[in-house]
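Visitor: As a plain string of letters, each chain reads:
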Amino acid sequence: MKLLLSGFFSNNMIVSTALLIGAILLFSYQFFIAGCLLLGGGICIHVLLFQQIKQEQKVLLTVLAVSQQGQMNTGINTLLADNNIVMFLPILTAIIEFNKQRKRDFNEVNNQNLEIGYSAKELAKNADETAKQSDVQHLNCLTTATATAQINVSLTDISRRIEDINHAVIDAKDNCQHSFKTLVDSKQQVSQVNDVIIHTQQSLQQLKEKLDTVILMSSVISEMAAQTNLLSINATIEAAKAGEYGRGFSVVAGEMKMLAQRSQTSAQTITNKTKEVTENMHAVESYMQDAIGHIDQSGVQVESACEHLNNIVNMTENMAVDIDGVAVATEQQMYALKDITQAVEQLTELAAQNSHMSIQQANVANHLHHITRIIQ
Amino acid sequence: MNNTILIYGLTILVSILLIAMSIYLIKAHQCNALRSQQITGFNIVTRLRELLSHVQQHRGISNALLNGDVSLTSRLTPLTLKVSNSIDGINKEFKAGDVDEQLQPLPRWESITEHWSRLSTKTNQLTSANNLQQHNKLILNILYFIDDIAEQHQIYKIVDAQGEAMRHMWLELLFTAENIGQIRAIGTGVAAANTCTSVERIRLNYLCHSLQQSLDDGLMLANSEQIRQLLHVVVQQVTIAVPSIKAEEFFNLASICVEQILQEFDKQLQQFEQIIMPKNENRTTVRD
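Read top to bottom, the protein sequences are chains A and B.
With my numbering, letter number 69 in the first sequence gets 69, and the count goes up by one each step, no holes.
With my numbering, letter number 3 in the second sequence gets 3, and the count goes up by one each step, no holes.
SDA-like cross-link-like pairs, simulated, lysine to any residue; straight-line CA separation at most 20 Å:
#  : chain 1 : residue 1 : chain 2 : residue 2
1  : A       : 100       : B       : 169
2  : A       : 100       : B       : 111
3  : A       : 125       : B       : 241
4  : A       : 125       : B       : 205
5  : A       : 100       : B       : 168
6  : A       : 125       : B       : 235
7  : A       : 338       : A       : 156
8  : A       : 103       : A       : 93
9  : A       : 125       : B       : 196
10 : B       : 95        : B       : 35
11 : A       : 273       : A       : 215
12 : A       : 338       : A       : 149
13 : A       : 275       : A       : 223
14 : A       : 125       : A       : 370
15 : A       : 103       : B       : 168
16 : A       : 125       : B       : 201
17 : A       : 241       : A       : 229
18 : A       : 100       : B       : 166
19 : B       : 137       : A       : 105
20 : A       : 103       : B       : 140
21 : B       : 122       : B       : 77
22 : A       : 100       : B       : 172
23 : B       : 27        : B       : 276
24 : B       : 95        : B       : 106
25 : A       : 338       : A       : 140
26 : A       : 275       : A       : 263
27 : A       : 103       : B       : 144
28 : A       : 132       : B       : 198
29 : A       : 132       : A       : 359
30 : B       : 137       : A       : 115
31 : B       : 137       : A       : 102
32 : A       : 103       : B       : 169
33 : B       : 122       : B       : 111
Hint data in this document are derived by calculation from the structure and do not stem from the laboratory.
Since this is a predicted model, take the numbers as computed values, not measurements.
Here chain A stands alone, though its shape is the one from the complex (with noise of 0.2 Å):
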């Protein structure tokens, strides 16, 4: 009812009706009461337009200010409600479309500008965080740099003295191989001395057979003497047998055995001496034979010495090639070690300016964030 009673007295239905009444009085004929009906709707109705576009104008104004402001939807549906809106409503309503989508992108905007703030909030989180691990990992880098150079300089400490050692070696080795040269020829001179000693040895021999000759020759001159002796004897009596006239023959008698006595001495002493010769000999023949097996066991020392020198021989050139791969890993490693030290040494810088970089983030990230929380 209420509704009904608005619509029948506002301004439109006064109108509307005053046109009707004048249409039905036209057809009655009452011509001058329904031209002055028709004319007065007319007037009201240029008049109403008039004001209507007015209204309108001034809401639509009023409708652009409030969209400026981004209050449309309430404000722009509150306008609607208090204004009989009717001849500008299609704008209006592209308008409201057109905020209303606007809005929606503002709010995506928005959204996207706060998780865009947010994330550079994190990643200037993360970017402090890098710079202090960057800052470790370069203390880190440099302490191993130090490291890896007193490594350096101990290899090359290591390294000089496997080259002494090497040296040392190889004189070794020359010592050794001079030493058993020398050995050997000591073994060669034992021989010779015992060749010596063999050809000695028969030359005693040979000498005792000749004594033996000698002693032999000293019996025979011996039993000479001892014949001559009884021959002496026997002359001296027939010469006492003969008298005066053997008295000569006594002399030479007496001469006969007194040389019967020399000859018997000499062959005796001929034969002590020899005996002591044949016992100097037999002693000798004893040393000689002594020296032999002296000289036999000095070789076999010797062959031993010989044999232990070409062990030590063939260690030392064992240990000289061990030495020689120990100086070439040594060596390896150094160049290693080098290029370790290098990689640390860029390691370092690299970590320094990672640091530097992330500090740099950090402040990009914060100015990021900064910005989105100016335009919030």
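On the provided structure of chain A, position chain B as indicated by the hints.
Guide: Just chain B now, with coordinates in the frame of chain A:
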């Protein structure tokens, strides 16, 4: 003369009565049309709410699958069917509505259906990030479409005094549910991949931060405890180097929160339903 005056008087009286009756009939027709429009809009919004819920679940499950958790495979096909059924139902609502609605092109709805038809067939071929982005766009379009339909069908005018406040609350509820839905989708993907990248961690932290702000502002008081628990789980078990929660477990936990928020929205819908529909009038049933 008297007859003439009488004839004129009667003519004027009859004319006035005819005009009054016409105006009354026009107003009554307008009221009925408005109510019919609101009922149609209400039905579409109800179905759109179901569509929204299904697409959000589809986003979470497909993201988990693309991140390598095959244990949820059996849940994807039924969800795809549910989304398609919801779209068919909404199309039927449009056909059952006013002639204006049938004739009027709805670019956003056409965009939604086309987008879904492409997305549903290519889900397995997309990357995880692209799948998430496509679903987010689709869901945002559905949310805007709910707002458009509610406005176009003058649902916000049902409670004149609180129209704008209601609209604000509706949108706040739906966007909060979408916020939790995004947390669910990303978190389920992270749990499925068993690793949390920095981008996912930042996105999850941002979404949790927004949700926490909504809680701090006093919104969703009824569900605050459940949401706080979800935020706690995200911080403790998801945004870590190796997530310690299973994808399905996190999906179910987040789904409870989403459903609770959407139940608040359903309560609002029920209030509108009581206002615009008499008790003996049937309403379109959309619950599964």
